[in-house]
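Residue numbers (the numbering used here), protein chains in the order written: chain D, 1 to 370; chain U, 371 to 1027.
By construction, these hints were calculated from the structure, which means they are not laboratory data.
One should not assume that every hint holds.
Derived pair list, reagent style EDC-like, types lysine to aspartate or glutamate, alpha-carbon separation capped at 20 Å [said to hold, decoys possible]:
1. LYS816(U) / GLU850(U)
2. LYS127(D) / ASP310(D)
3. LYS214(D) / GLU166(D)
4. LYS854(U) / ASP313(D)
5. LYS854(U) / ASP828(U)
6. LYS312(D) / GLU850(U)
7. LYS177(D) / GLU166(D)
8. LYS854(U) / ASP881(U)
9. LYS312(D) / ASP828(U)
10. LYS214(D) / GLU257(D)
11. LYS116(D) / GLU104(D)
12. LYS312(D) / GLU896(U)
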Amino acid sequence: MWRRSASFILDRSSNSPPMADTTQNPDAISAYYQTRAAHHGVITSDWLAQAQAAVEQPDSTHSGLGPNKSFNVIDEFNGWRKQPDLAEAVAAIRAMAAVIRASEATTMMELEIELKKASDTLKSWDKTSISLTAGCDLFIRYVTRTSALEYEDFNSAKSRLLERAEKFGEISCKARKIIAMLSQDFIFDGCTILVHGLSRVVLEVLKTAAQNNKLFRVLCTEGRPDGTGVLLSNELSKLDIPVKLLLDSAVAYSMDEVDMVFVGADGVVESGGIINMMGTYQIALVAHSMNKPVYVAAESYKFARLYPLDQKDMAPALRPIEFGVKIPAKVEVERSARDYTPPQYLTLLFTDLGVLSPSVVSDELIQLYL
Amino acid sequence: MDPRRGPLAVPKVRRVGFFTSIEPSPETPRPNRSLSGPAEAITSSSPLSDSPSGQFISPVQIPPSRHHSDNLASRAAPVPVPGPSAFRRQLANDRALHVGSYNPVDSLLGTSPPSSNGEVSEDSGSLFGFQRSDSAKLSASFPNGGFDMTLRVRAPQESEAKVAIASTSDGRKKNVEASGEGESLAAKPRKEKETKSLKEKTSKAERRAIQEAQRAAKAAAKGEGSKRAGESSRPKPSKPAKQPQPKKEAPQVTSSVSEKRAVSVEKERRMDVPQTQMQYDDKSRVDKAKRRSVVEQTESKNKVELFLHLPQYERGNQLPNLSSNIFSLDTIHHAVYKVGLQHLAGDIAGDNARCIAMLHAFQEAINDYTTPPMKDLTMDLTAKINGYVSFLIECRPLSMSMGNAIRFLKNQIRKLPVDLSEPEAKASLCSEIGRFIDEKILLADKVIVQYAVTKIRDGEVLLTYGFSCVVEMILLYAHEIGRKFRVVIVDSRPNLEGQKLLRRLVTRGLDCTYTHINAVSYIMGEVTRVFLGASSIFSNGTLYSKVGTACVAMVANAFSVPVIVCCEAYKFHERVLLDSICSNELGDPDAIANVPLRNNKKHSKTMDNNKNLQFLNLMYDSTPAEYISMIVTDYGMIPPTSIPVIVREYRREDLLL
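Make the full structure from the sequences, and use the hints.
See the structure below:
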C-alpha cells in the first residue's frame, strides 16, 4: 500500500481550498501553531475518540454549504481545522472539496481557476503552515494535471474529483497507521527513544509499538513553550510506556542513553530536510554528533516544494512565548516556532510512501510536480 | 628531445583509464600506484630506452606515430638541433607578436615558429629542411602539408615501428592485426595528413565511412573484404567492445567486416558520448584518430604523466593551418568549420555559447545538406554529423553539454519518420534544433533566474567565481527588481574571466568586490551565498566546472555558507565522476608558465629548460556533492542527490532511443 507511486499523493491533494475572501490572517501569530496549541489542549485521554467523531462529522456540514454563493474557503477551512485529529492539509483539502461542491462552474477550466483562487486564498491566509500550502498545491496539481480526469462530461469529472477529495481524510488517518507499521521494525526491545514535540504520527508509532508488546522507554523533552512533552508523556503513561521528562536543555546530557530519536515534521522540504518544532535542529545535531539515528515520521502530504538554505530562509512562524516573569521592554524575544533541520542530520523518513532516505524526498517531489 | 624524453617517461608513467595492449612497455612501473614495480620496471625498460628501437616503445606518452617517425627522421638526417630553450623563447616572442584573433591569455602557445615563418613554410616541402634546422625539432614534428619527402622516409619506418611494438606487446590478436596492417600500410602513404591535401584525406576517410556504413546496413558483407584490400589505407577497426569508444571513432568503426559487428558498432555509436572517452594514452586509437584528423596537432613535449589519457598538444599551430585550408576542405561544412576555428581560437568561450554556436552551425549544415543518390538520409546525415563532431573535437574537446546536444540531435535524426521527404526532414531537424536552443538553453536560463532570485534577500553578500552567464543574469535581474546586495567576484589566473563579469556588473551599478582566488578564505567570512556556474553535473551530484570551483565550494562549506549551483538541465550527465583526473581538459601550459612580469622572458627560459618541470593547466575540476547545498535548474531547486532523477525522468527519450 505504501509503495504506491507518487500519483497517490495527488489523489490526496485533491481536496484543496475553496474561494478567497479573507485574504490575510489579521494576527501576526502563526495560525498553524495556534491550531496546534488548541489541539494540544484537547489531547487528553478522550482525544482519539473525539478525533474519530470529528472525522465523521464534516461531510454533513458541507452539503449545506455547497450551493451558497457567499461561501468562504477560510471559514470552511477553519471549520475543518477544529477537528483535533484532522491534519491541517486534510482540512484544507476538505475545504477545497467544498469549493468544488459549491462551484457553479460548467467547464473544467472554470473550475480550475476557481480552485486556484481558493488555494491562493488559503495559502495567503496562513503562510506559515507548510502542510496547508503543500496540501493545496497537491490538490491543484491533481486537478490540473491528472489524466484520470479525462471524462467526456464535466459532471462526472467533478464527481470524481469530489470522490477523491472525500478519500483524502481517510488517507490521512491511514497514513499514520502505515507509518506506525513501517516503523515497528526499527523499534527493538530495550531501546530508549527520545521524542521531541507532540506529533500525532509519533504517538501512533509508539502506541503501536506498545500494542505489539515491545519493551522500550521514552524520553520526552519538555517542549517549551507549549509543554508538548508533558502532554505526550501524559498520553504515553496511559499506555503504560515508561516515560521520562527532560528539560529541553538536557538533550545532550541524556543523549548517550538514547538509542534513537523520533520526531514528527510540520513539513518535509525538497532537500529532504524537515521543518519542525523549535529544538528539532539542535537535537538532530546532538544525535548526529553522537551517532544516534534520527527518524522522522511524516505523512507524504507534508512534502512541500520548499528549499530553505538556512534557518532564516523561510517565512517565520511566530508564537507568543510566556516566560513567567515580566520581560523588560528592551529585551527581544525569539518567537519563532520552528526550525529547519538539514537532511544530512536525518537518518530516515517514515512516510506512507515507505521508509525513505532524505534524498528520496526530492525524487518523489519531482515526480509529483514536474 | 630524446634525452629529455627517455628518462622522463619511464619512471613517471601513470596510466589512467583504459589502455590497450599496444601500450609500449607493459611493465612500465606506475610509481604512484604501486611501490613494488619500480626496480623491475627500470631494468626492463631502461634497455629499451637506450636502444633506438626502444625509442618507439619507451615514450609512454600518447605517442602518435608521427612522433616516432619524427624522432626517426631527425635521427636519420642529423641536423643540429638548437636547444629547446631557443625554440621556446622564439615561441614566446611569437606569441607576443602574433596574437591574431587569439585572446592573448587564452590561447596558449601562440603561434609557433613555423607559423611565424609564414604559411609558406607549411605549404612548401622545400622549406621544411630549413625550418627544422632553424627552429628545432618541434617544428619538425609539425605535420605540415607537403612533406612528401619525409613521408616516403617515414612510412616504412613507421610500419617497422609498429611491428616492433606489436612483437613486444603481449601478442593479442589486435596487435597482430596492427602489425599486418602496418606492413600493408607501408606501401601506401599512410599519413594522409601529411600528404599535401588534407582535403583528400579526410574526404576519403569520410566517404569510406559513409560507404561502409551503408554497406553494413545492406548486409553486403562479402564485397567488403575485397574492397578493403584495395583501399587499405585505413586500419582495421578494432573491436568495439574493447573500449568505450568515443564518437570520434564512430565513422570509422562503422565499417566493420561483419554485419554483426556493424550492428554492435551502430549500437555503440548510439550510446556514445563524443566527449572525453577517448583515452589518449591508447596508442592505437590515437593513431587512428590522427589519421583521420583534419586539424594538425603536435604533441606537447613535457607532458604531465597523470593526464596522459587526455590530449596534450602544442597550441597555436593549428589555427593558421586550418585557416589556410579552409577552401580545400569540402567534407566539413563551412559553418562547422567556422565554429571549430572559433573554438580553437577561444573566440567563443562559455559552455552555452559554444553549444549554441555548434547547434547553429549544424542547423546550417543540415540546411545545405542533400542526400547523395542511393543513400539513406538517416545514415548518411548521422555519418556527416559524426564527421563534424570529430572535427570539433580536434579543435577543442567538447564540453559535456555539447555532447548532450549532439546526442539529442542524433536522436532526432534517428527518429525521423522514414516516409518523410528530404526537405521535410531537414526542416523538422532544423526546427528541433531551434527548439532545443530555445527551450533547453535560453528559456531554461530565464527559469533559473526566476528561481534563483528567490534566494537573494536584501543585504546579502553574494560570491561568484569566474564567469557564468546564468549567474550574471541572476545578479542583474536581482538588481533590476530592486534587491539590495553586494557581489564578490572571485577570479583566477590565467583567464581572468571574472573581469568581464566585473565590468558588466559595475556598469550596471552593482556594488562589487573583486579579488583573486588566493583571498577566498579571507573574503568568505563576509559572504552569505555562493553562486556558481557549471559545465556539467554528473549523476552522483559531482559538479564539473571551471578549475577552482571546488576550492571555492569547499571554503564556503567550511564557513557554512550555502553553495548554490546554477545549471541548465541539459548539462546534466548520467555518468559518474569521482575525481578531476579521469575526465578533464588541459589548457595551454604556457598560459600558466608565463607570468606577465618584466623579467618574464628570462624566467620562462630557465623554466623551459627544465625537463623535470611540467606545467599543468587544468581547465576543470570536480566538486563533490556534499559541498553543494542546492542546484537551481529549469526544473526547480533540487538537491544534488536528485540529478539522476532529472536525468531519468526528463531525458528518457534522449537517452534510450
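Evaluation of the provided hints:
{"no.": "1", "hint": "LYS816(U) / GLU850(U)", "verdict": "holds (14 Å)"}
{"no.": "2", "hint": "LYS127(D) / ASP310(D)", "verdict": "holds (18 Å)"}
{"no.": "3", "hint": "LYS214(D) / GLU166(D)", "verdict": "violated (35 Å)"}
{"no.": "4", "hint": "LYS854(U) / ASP313(D)", "verdict": "holds (16 Å)"}
{"no.": "5", "hint": "LYS854(U) / ASP828(U)", "verdict": "holds (5 Å)"}
{"no.": "6", "hint": "LYS312(D) / GLU850(U)", "verdict": "violated (24 Å)"}
{"no.": "7", "hint": "LYS177(D) / GLU166(D)", "verdict": "holds (18 Å)"}
{"no.": "8", "hint": "LYS854(U) / ASP881(U)", "verdict": "holds (9 Å)"}
{"no.": "9", "hint": "LYS312(D) / ASP828(U)", "verdict": "holds (12 Å)"}
{"no.": "10", "hint": "LYS214(D) / GLU257(D)", "verdict": "holds (18 Å)"}
{"no.": "11", "hint": "LYS116(D) / GLU104(D)", "verdict": "holds (15 Å)"}
{"no.": "12", "hint": "LYS312(D) / GLU896(U)", "verdict": "holds (17 Å)"}
Of the numbered hints stated above, those contradicted by the structure are hints 3 and 6, listed in ascending order.
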